[in-house]
Amino acid sequence: MKTYANKEIVDAVVIGTGAGGSPLLAKLSAAGMKVVALEAGPYWNPAVDFASDEREQNKLYWPHERLSAGADPIIFGRNNSGTGVGGSTLHYTAYMPRPHPEDFMLYTEAGVSADWPLTYYDLERYYDELEWFLGISGPTPYPWGPARKRGYPLAALPLNAPAQLMEKGCRTLGIRTSPAANAALSAAYYQEPIGWRHACTNRGFCEAGCNNGAKASMDVTFIPLAVHHGAEIRPACFVTELEEDRSGRITAVAYLQNGKQQKQLCKWIFLCAGAIETPRLLLYNKMANSSNQVGRNFMAHTSLQLWGEFEEETHPYKGIPGGLISEDTLRPHGADFASGYLVQSIGVLPVTYASTLVRTTGLWGAALRERMQQYNHVAGINMHGDCLPQPGNFLALSDEQDDMGLPKPVVYFSNGDNEKRMAAHAKALMTRIWEAAGARHIWSNMRNAHTIGTCRMGTDPALSVVNSEGRSHDIPNLYICDNSIFPSALRVNPSLTIMALSLRTADLFLAHSKRLENASL
Amino acid sequence: MSHNKPHQLATTRQLLDSALVSTATKAVLEDRLQEKQTAPAFLDAASFRLLTILCRHLLAEEDGTRAARVAADIDARLAANKSNGWRYQQMPADRDAYALALKAMDETARSNYQHAFADLSTDKQLALLHQLQKGETGGEYWNKVSPLKFFEELLCEATELYYSYPYALEEIGFAGIADAQGWKEIGLPQEKEEDKQPAITQLP
Ligand SMILES: Cc1cc2nc3c(=O)[nH]c(=O)nc-3n(C[C@H](O)[C@H](O)[C@H](O)COP(=O)(O)OP(=O)(O)OC[C@H]3O[C@@H](n4cnc5c(N)ncnc54)[C@H](O)[C@@H]3O)c2cc1C
Ligand code: SF4
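Chain order of the listed sequences is A and B. Under the working numbering, the residues of the first sequence are numbered 5 to 525, in order. Under the working numbering, the residues of the second sequence are numbered 4 to 207, in order.
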């Protein structure tokens with residue numbers, strides 16, 4: 005791997021190597037730029053470092069304490085945040101649905117949330133590029149949404165028991181389903197200059213880290229591509245400060261590496277630390293916030309899970325947890341809420357299941373042990389639905405310090421009427437699906453998944469943090485690219501869109517910097 | 004539905020001794036199975052004893068050393084001042100929450116039954132735990148820490164730790180540690196060749 009000195013003024017520093025940081029890192033280095041990525045977490049070697057053990061794999065989760073407040077406090081840790089080279093893609097389930105064109109225009113459609121300053125068609129070619137680069141397994145043709153230029157490069161993965169049960173329940177009720185698009189390989193896949201990646205072995209540990217490279221996390225896809233093109237990845241570097249000069253440009257990024265203060269000089273900054281750490285860093289540095297919108301519009305998908313026990317053995321740890329999808333509820337007929345949701349089957353590992361069970365039902369003692377005996381008969385379904393921004397849902401700095409000496413973020417979140425009505429609609433439907441599939445002892449847990457929207461993208465500098473290209477309205481050499489810039493939550497799992505934005509940001513930035521260069525000649 | 008169904012493939016011990024478990028997974032689980040010193044590093048002896056009793060009840064674990072292991076895991080986390088990445092804003096920091104709540108639990112026992120929690124009969128201890136879960140403990144010692152949230156957090160942490168031990172995973176028939184080859188037949192039973200093999204279905 006190439007390395008750069010701290011005193012060398014590199015072209016760009018990328019902060020964070022998750023879904024938002026890694027694709028643009030690869031694209032900038034492929035364009036010949038000198039780029040350094042600063043990543044707070046370690047650089048894992050999955051084949052050696054990843055055990056099939058949930059407790060051991062807690063090391064993939066962001067360890068610095070966040071405070072959760074509001075009527076529906078967000079559960080972080082295992083639920084919502086990752087760290088390490090690859091970011092949260094190290095533990096994502098890798099469901100990779102595309103949003104639909106109408107999802108980007110919720111304000112136009114229903115007078116709520118916000119329209120995006122770009123359309124589905126601005127991202128379409130990036131979705132296609134990603135599906136083929138990452139090696140997404142999925143059905144061709146995909147049953148919902150606009151026609152596509154081409155199908156998925158790999159056939160869909162085999163269905164595990166929860167997926168088969170959801171298929172059965174939906175078939176009875178006349179709801180269409182399809183094997184999902186998932187970023188795990190259904191066959192070995194070759195990609196220059198990355199080489200071969202293994203096919204998925206159905207080990208089912210996707211959310212605790214894939215140990216064989218079958219799952220397209222960033223550390224086995226865009227990161228090796230970036231390194232090949234000359235990027236330097238610096239793990240265990242926790243960024244604390246952004247230094248501004250008199251003209252209001254950022255000239256250096258200060259970080260802690262093994263407890264030691266370091267500073268990297270640079271021309272451009274790409275802040276990709278995720279929807280909690282990105283606004284925390286900006287608030288702490290009192291930067292890029294003339295709109296007073298940094299930390300505002302915090303959203304988290306309406307993601308109720310519903311569980312049941314079946315006569316048949318389900319072995320919910322086998323196969324990718326994300327197997328089957330239905331998008332028939334894109335805009336449910338006669339619904340009393342705006343937007344809609346999708347439904348997906350879920351497998352589950354035992355510690356996660358037990359934890360969810362006790363937190364939701366309060367079961368303990370002999371009743372808990374008895375209930376856990378049914379683990380091999382359990383299967384789940386899950387919804388992800390839109391979430392509308394509200395003034396009461398936001399991130400701020402608390403007056404407590406964390407173990408890095410920075411103020412802990414406090415995240416206020418309460419579901420609004422739209423989320424509650426949508427969850428009730430989905431719960432009723434999912435209950436019918438599970439009953440039709442033969443489930444007993446059905447229970448559900450309301451939860452909110454994915455952290456979204458704290459540095460909103462928009463055309464009006466008074467109402468947004470970055471412009472439609474992802475560049476700060478206030479600081480001319482700062483770009484933000486992660487889940488924080490979403491103006492609305494969208495009705496689907498976010499990673500594919502975060503990566504598409506990342507590739508688009510890189511293209512727009514390269515054109516922008518070329519224009520600046522030409523102008524100064 | 005069948006209860007206490009024996010393990011589908013083999014016991015955890017057999018799995019660990021086979022080539023079915025990867026080196027990385029083996030190392031972690033063998034380490035977890037080691038007998039460990041359970042003397043507390045953060046909590047005082049009385050609080051630790053109380054925590055062990057709570058874990059025993061919450062997990063219905065009559066084996067004292069297993070309950071103590073869970074309590075020791077919690078104590079070790081507090082000693083290292085490690086967080087699981089979040090907490091309810093309304094709660095004090097984890098160390099304070101545990102220290103305060105365990106003291107408060109003892110105070111509640113004394114004010115209700117004139118004895119330390121550890122000296123009460125099992126019935127009385129369980130009755131107090133039910134009160135805690137419902138947030139009906141009362142008393143000013145609970146002013147600084149919500150009994151409801153403390154119960155929820157303790158139950159979650161103890162449960163997660165308990166089901167990270169191979170014996171607990173074995174009890175529920177989890178074979179996911181057999182990761183070296185992965186799985187081929189992953190669907191419902193009628194479509195699973197694996198389950199039709201007598202070598203598997205005839206295990207005791
Ligand atoms: C259990 C689970 C399942 C999921 N399943 C899916 C799914 O099926 N499909 C899907 O699309 N999405 C899924 N997600 C969500 C997905 O993982 C995230 O939405 C996505 O990875 C977010 O990308 P990001 O770039 O915004 O942030 P991240 O991927 O979290 O990357 C941020 C990176 O920045 C680093 N960082 C933060 N602060 C600093 C700092 N100060 N200095 C240096 N580095 C820093 C972090 O360590 C991290 O590596 C899932 C998430 C979870 C928790
Ligand atoms: S199920 Fe497949 S993608 Fe998931 S962790 Fe196992 S091998 Fe990786």
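Read the hints as simulated data drawn from the structure, not as lab findings. Any given hint could turn out to be false.
Once the Cα atoms are required to be at most 20 Å apart in a straight line, the calculated PhoX-like pairs of lysine-lysine come out as [as the list claims (entries may be wrong)]:
{"id": "1", "chain 1": "B", "residue 1": "147", "chain 2": "A", "residue 2": "63"}
{"id": "2", "chain 1": "B", "residue 1": "106", "chain 2": "B", "residue 2": "147"}
{"id": "3", "chain 1": "A", "residue 1": "63", "chain 2": "B", "residue 2": "85"}
Calculated Cβ distances over 12 Å to all of chain B for the following chain A residues [to be verified]:
{"id": "4", "residue": "84"}
{"id": "5", "residue": "106"}
{"id": "6", "residue": "151"}
{"id": "7", "residue": "242"}
{"id": "8", "residue": "269"}
{"id": "9", "residue": "360"}
{"id": "10", "residue": "415"}
{"id": "11", "residue": "435"}
{"id": "12", "residue": "478"}
{"id": "13", "residue": "521"}
Simulated restraints, written as ranges between beta carbons of each label pair [stated by the list, open to error]:
{"id": "14", "chain 1": "A", "residue 1": "6", "chain 2": "B", "residue 2": "147", "range": "52 to 58 Å"}
{"id": "15", "chain 1": "B", "residue 1": "47", "chain 2": "A", "residue 2": "251", "range": "55 to 61 Å"}
{"id": "16", "chain 1": "A", "residue 1": "480", "chain 2": "B", "residue 2": "42", "range": "30 to 36 Å"}
{"id": "17", "chain 1": "B", "residue 1": "42", "chain 2": "A", "residue 2": "49", "range": "33 to 39 Å"}
Remember, predicted model here, so these are calculated numbers, not experimental data. The C-beta atom is built at its ideal place from N, Cα and C for all residues, glycine as well.
Okay, the hints, checked on the actual structure:
no. : hint                     : in the structure
1   : B:147 - A:63             : 31 Å, violated
2   : B:106 - B:147            : 12 Å, holds
3   : A:63 - B:85              : 12 Å, holds
4   : 84                       : 8 Å, violated
5   : 106                      : 34 Å, holds
6   : 151                      : 31 Å, holds
7   : 242                      : 15 Å, holds
8   : 269                      : 32 Å, holds
9   : 360                      : 9 Å, violated
10  : 415                      : 9 Å, violated
11  : 435                      : 19 Å, holds
12  : 478                      : 29 Å, holds
13  : 521                      : 43 Å, holds
14  : A:6 - B:147: 52 to 58 Å  : 54 Å, holds
15  : B:47 - A:251: 55 to 61 Å : 58 Å, holds
16  : A:480 - B:42: 30 to 36 Å : 59 Å, violated
17  : B:42 - A:49: 33 to 39 Å  : 35 Å, holds
Going through the hint list in order, the structure does not satisfy hints 1, 4, 9, 10, 16.
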